[in-house]
Amino acid sequence: MSGFDKVVSSYADAMQGLTDGMTVIAGGFGLCGIPEGLIAEIKRMGVKNLTFVSNNCGVDDFGLGILLEDKQIKKMISSYVGENALFEQQLLSGELEVELTPQGTLAEKMRAGGAGIPAFYTATGYGTPVGEGKEVKEFNGRPYILEEAITGEFAIVRAWKADRYGNCIYRHTAQNFNPMAATAGKITVVEAEEIVEPGDLDPSQIHTPGIYVNRVIQGSFEKRIERRVLAK
Amino acid sequence: MALTRDQIAMRVASEFKDGDYVNLGIGIPTLAANYVPDDIEVMLQSENGLLGMGPYPTEEQIDADMINAGKETVTAIKGSSIFSSAESFAMIRGGHVDFTVLGAFEVDVHGNIASWMIPNKLVKGMGGAMDLVAGAKNIIVTMTHADKHGNSKLLSECTLPLTGVNCITRIITDLAVLTVADGAFHLTERAPGVSVEEIAEKTAGKLVIPEHVPEMVI
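If you read the protein sequences in the order shown, they are chains A and B. Quick note on numbering: the working numbering labels position 186 of the first sequence as 190, and the sequence is numbered without any gaps. Quick note on numbering: the working numbering labels position 20 of the second sequence as 966, and the sequence is numbered without any gaps.
Among the hints, a few may not be true.
As the list claims (entries may be wrong) - FRET-style restraints, in silico, Cβ to Cβ:
1) B:P983 <-> A:D24: 52 to 60 angstroms
2) A:G145 <-> B:A1146: 30 to 38 angstroms
3) B:G965 <-> A:K79: 17 to 25 angstroms
4) A:S208 <-> B:P1156: 28 to 36 angstroms
5) B:N1112 <-> A:E198: 42 to 50 angstroms
6) B:A1146 <-> A:K141: 36 to 44 angstroms
7) A:S208 <-> B:P983: 49 to 57 angstroms
8) A:F143 <-> B:V1154: 45 to 53 angstroms
9) A:K227 <-> B:V1142: 24 to 32 angstroms
Claimed, not checked - In silico DSSO-like pairs for lysine-lysine, Cα to Cα no more than 27 angstroms straight-line:
10) A:K79 <-> B:K1070
11) A:K47 <-> B:K1094
12) B:K1070 <-> A:K75
13) A:K47 <-> A:K190
14) B:K1017 <-> A:K227
15) A:K227 <-> B:K1070
16) B:K1024 <-> B:K963
17) B:K1024 <-> B:K1094
18) B:K963 <-> B:K1083
19) A:K190 <-> A:K141
20) B:K1017 <-> A:K165
21) A:K236 <-> B:K1017
22) B:K963 <-> A:K78
23) A:K52 <-> A:K75
24) A:K138 <-> B:K1152
25) B:K1017 <-> B:K1070
26) A:K236 <-> B:K1024
27) A:K165 <-> B:K963
28) B:K1094 <-> B:K1067
29) B:K1152 <-> B:K1094
30) A:K141 <-> A:K165
31) B:K1094 <-> A:K52
32) B:K1017 <-> B:K1083
33) B:K1094 <-> A:K75
34) B:K1094 <-> A:K78
35) B:K1083 <-> A:K141
36) A:K138 <-> B:K963
37) A:K47 <-> B:K1070
Calculated directly from the structure, the hints in this document are not laboratory data. Glycine included, every Cβ here is placed at the ideal spot set by N, Cα and C.
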């Protein structure tokens, strides 16, 4: 009996059940706060035709960018992409589809998906290509467009500290999309920098309650910096 | 003389009021952080989830978990807060950020802005720009008045795909400060040494010119 103990001991166990054609929601902003080991495991598994919901798609040899090498990604739902040459190449050749989504709308789509709200109205994107074909409704004299929530078969998340029950705390701006991603997966996998015992984390400081989390794995991270800028 | 990028940033910074929460876009807007007057405090919001963004780090302070919306390493000031992307855009969309400053390709007399996409060129995405223009109380657009071929960026109707509609009320260019209202640009200030005639010539959309147009104070 493992009760609420969600810790798994191998990356294979962490990503077990991921198959071709699934949708994966990933935390991270650029290369900050990405579940590096889980991405590497998806590459190792070789699953294909994946849809990724993630703000960005990494760089050529790091982050989600490594899944482009074997053409594992069919579609990206992102706010900003193209930091990688391979991405551009596959996009132009039609091998890769991109659904550009405003950053705040993307975060809210994940949040709504995890919170059981199927759609929401937002002013963001009204009158732009993003609003084309979407229902418009006026509230207090202002037009809003209807945006649908997103959920995925899997969500992959990077936490700073997670306890065995799946309660998570994020560190600095590595938080970003991780808390929403954690709520929006049917199976949510957390890769943590440190796994602690239940009770070690202050309950009132927890960002993601363990109820959203199915599996926790101890990760090891390179934490690559995308744009190193120093004070002059 | 047309203003330099830094001079545009200085003019932008003079708009800030003590206690303002401000989101600065990439490019000239970011430079405005260097020119906040000494006698006021503003707090910078970075839409990846940081309120109270500080300067770039020293070699000792550098931290892979601490970046800004441009993915650059950054620091946080004392009294800052860090939160999720959903929280960050709740404060943006909910109108809690006092000032947004961002660049643009085009602005038109209806306050429409095009800033994210040039058809037939690689489209990288809008990032948070559409959320910011839909949510901020005050938006200032900074850009050069005309492109490098001399074509006006202040138009009757934007020609490029839009970032937002009816949302821009103030523009600070290298030549002028303008407001947007009632289907026209209204000239309020001109760059030192720049003539009203030159501004009129480089403004394609309807321009309302008052009798007296003061020079900017920088």
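Results for each hint:
A hinted range of 52 to 60 angstroms for the beta carbons of B:P983 and A:D24 is consistent with their spacing of about 58 angstroms. Distance hint check for A:G145 and B:A1146: the Cβ-Cβ separation is about 34 angstroms, which falls inside the suggested range of 30 to 38 angstroms. Between B:G965 and A:K79 the C-beta distance comes to about 44 angstroms, which lies outside the given range of 17 to 25 angstroms. Checked against the hint of 28 to 36 angstroms, the pair A:S208 and B:P1156 fails, with Cβ atoms roughly 57 angstroms apart.
Judged by the Cβ atoms, the range 42 to 50 angstroms given for B:N1112 and A:E198 holds: they are separated by roughly 49 angstroms. As the Cβ distance of B:A1146 to A:K141 is approximately 41 angstroms, the hint placing it in 36 to 44 angstroms holds. Checked against the hint of 49 to 57 angstroms, the pair A:S208 and B:P983 fails, with Cβ atoms roughly 39 angstroms apart. The hinted range of 45 to 53 angstroms is not satisfied by A:F143 and B:V1154, whose Cβ atoms lie roughly 32 angstroms apart.
The beta-carbon spacing between A:K227 and B:V1142, approximately 54 angstroms, falls outside the hinted interval of 24 to 32 angstroms. Between the alpha carbons of A:K79 and B:K1070 the distance comes to roughly 15 angstroms, so the proposed pair stays at or under 27 angstroms and holds. A hinted pair counts as satisfied when its Cα atoms are at most 27 angstroms apart, and A:K47 with B:K1094 does not qualify at roughly 45 angstroms. Note on B:K1070 and A:K75: the hinted pairing holds, with a Cα-Cα distance of about 19 angstroms set against a maximum of 27 angstroms.
Distance restraint check for A:K47 and A:K190: the Cα-Cα separation of roughly 21 angstroms lies within the 27 angstroms cut-off, and the hinted pair is therefore satisfied. Taking the CA atoms of B:K1017 and A:K227, the gap is about 13 angstroms. The hint holds against a cut of 27 angstroms. Distance restraint check for A:K227 and B:K1070: the Cα-Cα separation of roughly 24 angstroms lies within the 27 angstroms cut-off, and the hinted pair is therefore satisfied. Simply put, B:K1024 and B:K963 have alpha-carbon atoms about 20 angstroms apart, close enough for the 27 angstroms limit, and the pair holds.
The suggested pairing of B:K1024 with B:K1094 is violated, with an alpha-carbon distance near 42 angstroms, which exceeds 27 angstroms. Using a Cα cut-off of 27 angstroms, the hinted pair B:K963 and B:K1083 holds, with the two alpha carbons roughly 13 angstroms apart. Of the supplied pair hints, the one linking A:K190 and A:K141 is violated, its CA atoms being roughly 31 angstroms apart against a limit of 27 angstroms. Using a Cα cut-off of 27 angstroms, the hinted pair B:K1017 and A:K165 holds, with the two alpha carbons roughly 23 angstroms apart.
A hinted pair counts as satisfied when its Cα atoms are at most 27 angstroms apart, and A:K236 with B:K1017 qualifies at roughly 18 angstroms. About 47 angstroms separates the Cα atoms of B:K963 and A:K78, which puts this hinted pair outside 27 angstroms; it is violated. Simply put, A:K52 and A:K75 have alpha-carbon atoms about 7 angstroms apart, close enough for the 27 angstroms limit, and the pair holds. For a cut-off of 27 angstroms, the pair hint linking A:K138 to B:K1152 is broken: about 32 angstroms separates their Cα positions.
Annotation: proposed proximity of B:K1017 to B:K1070 holds, straight-line Cα distance about 15 angstroms (limit 27 angstroms). Between A:K236 and B:K1024 the alpha-carbon distance is near 20 angstroms, which keeps this suggested pair within the 27 angstroms criterion. Only pairs whose Cα atoms come within 27 angstroms are accepted, and A:K165 paired with B:K963 is rejected, the gap being roughly 39 angstroms. Note on B:K1094 and B:K1067: the hinted pairing holds, with a Cα-Cα distance of about 18 angstroms set against a maximum of 27 angstroms.
In summary, the hint linking B:K1152 to B:K1094 is supported, as the alpha carbons are separated by about 21 angstroms, within the 27 angstroms threshold. For a cut-off of 27 angstroms, the pair hint linking A:K141 to A:K165 is broken: about 42 angstroms separates their Cα positions. With a C-alpha separation of about 45 angstroms, the suggested pairing of B:K1094 with A:K52 is violated against the 27 angstroms cut-off. Taking the CA atoms of B:K1017 and B:K1083, the gap is near 25 angstroms; set against the 27 angstroms cutoff, the hint holds.
Restraint check for B:K1094 and A:K75: not satisfied, since their Cα atoms lie roughly 39 angstroms apart, outside the 27 angstroms limit. At roughly 39 angstroms between alpha-carbon atoms, B:K1094 and A:K78 are farther apart than 27 angstroms, so this suggested pair is violated. Distance hint between B:K1083 and A:K141 is fulfilled; the C-alpha atoms sit about 21 angstroms from each other, no more than 27 angstroms. For the suggested pair A:K138 and B:K963, the alpha carbons sit about 38 angstroms apart, so the restraint of at most 27 angstroms is broken.
Taking the CA atoms of A:K47 and B:K1070, the gap is near 24 angstroms; set against the 27 angstroms cutoff, the hint holds.
Hints 3, 4, 7, 8, 9, 11, 17, 19, 22, 24, 27, 30, 31, 33, 34 and 36 from the earlier list are contradicted by this structure; the remaining hints agree with it.
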